[in-house]
Structure formats: C-alpha cells, structure tokens
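Heads up, the sequence shown stops at 103 in our numbering, and the numbers go up one at a time, no gaps.
There could be a bad hint or two in this list.
[Stated by the list, open to error] With a cut-off of at most 25 Å between alpha-carbon atoms, the simulated BS3-like pairs for lysine-lysine come out as follows:
1. Lys36 / Lys47
2. Lys25 / Lys54
3. Lys62 / Lys25
4. Lys54 / Lys9
5. Lys31 / Lys9
6. Lys14 / Lys36
7. Lys54 / Lys31
8. Lys62 / Lys9
9. Lys25 / Lys36
10. Lys14 / Lys31
11. Lys47 / Lys31
12. Lys62 / Lys14
[Said to hold, decoys possible] The following label-pair restraints were derived from C-beta to C-beta distances:
13. Asn23 / Pro60: 18 to 28 Å
14. Phe70 / Glu46: 26 to 36 Å
15. Pro17 / Leu88: 19 to 29 Å
Treat the hints as calculated values from the structure; they're not laboratory data.
Model, not experiment: these values are computed from the prediction.
Backbone N, C-alpha and C fix where the C-beta goes; we use that ideal spot for every residue, glycine too.
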Amino acid sequence: PTEQTWPGFHKYRDAKMVPSKYKYNSKLRQWLKDVAAKSGLQNNIKDEKCMQLLEKMLSLDPAKRLTARDAFSDEWFWHCDPPPCDPKNLPCHGSSHEFTMKKRR
-1 PTEQTWPGFH KYRDAKMVPS KYKYNSKLRQ WLKDVAAKSG LQNNIKDEKC MQLLEKMLSL
59 DPAKRLTARD AFSDEWFWHC DPPPCDPKNL PCHGSSHEFT MKKRR
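Start from the sequences and build out the full structure, keeping to the hints where you can.
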C-alpha cells in the first residue's frame, strides 16, 4: 500500500515488512471480466453499481472500506433485477445438518 491507497499505513508497526516498491493498481474489474469470459458469463458482469460496491468492500484503506451493514444497505441490493424476495417465501427443505444427514444414509 502507498499513502494514496491507504493513508497512514506506514505508521503501523509492521508496515516496513511490506514491500513498497510496487505500485498498487486495482485489477478487480479486469479479473472479473476475464473470469466471466472463461465461464461464458461475460454479459452478467456489466452492472457498474455492482462493481462500485465490490470496490468499496475490497478497499485497502479501512476508513473507506464498507462495513457489512453499509454494504447490505447499498442501493445495488435493493434495486437489482430480480429484486430480493421475502425470506418467508423461500423454500424450506428441513434440517440438513451433516450429522443428521449421515444418519439418514
């Protein structure tokens, strides 16, 4: 990390152990596009709001990184297609804990 990607990082006790000669550039967008292309899902990775949410969740700077509550409150979760359903409408197939499943076999 640099002062641009994580202000104050070098104040941490063990920061000097992290090599700083490399400049960090996020490769998240390109990596997701490559993975999607290999999987045949390239049309699914075009939502800009989703990419912005991922970048905020994976930010190096803890001050900019989203908490789980903030991430879940992001508009992407509430304005997506299809919209999230009410948990009461999800199918329930009973308990499937590994210990009980082994006994049923």
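Does the structure break any of the earlier hints, and which numbers would those be? 5, 6, 10, 14 and 15
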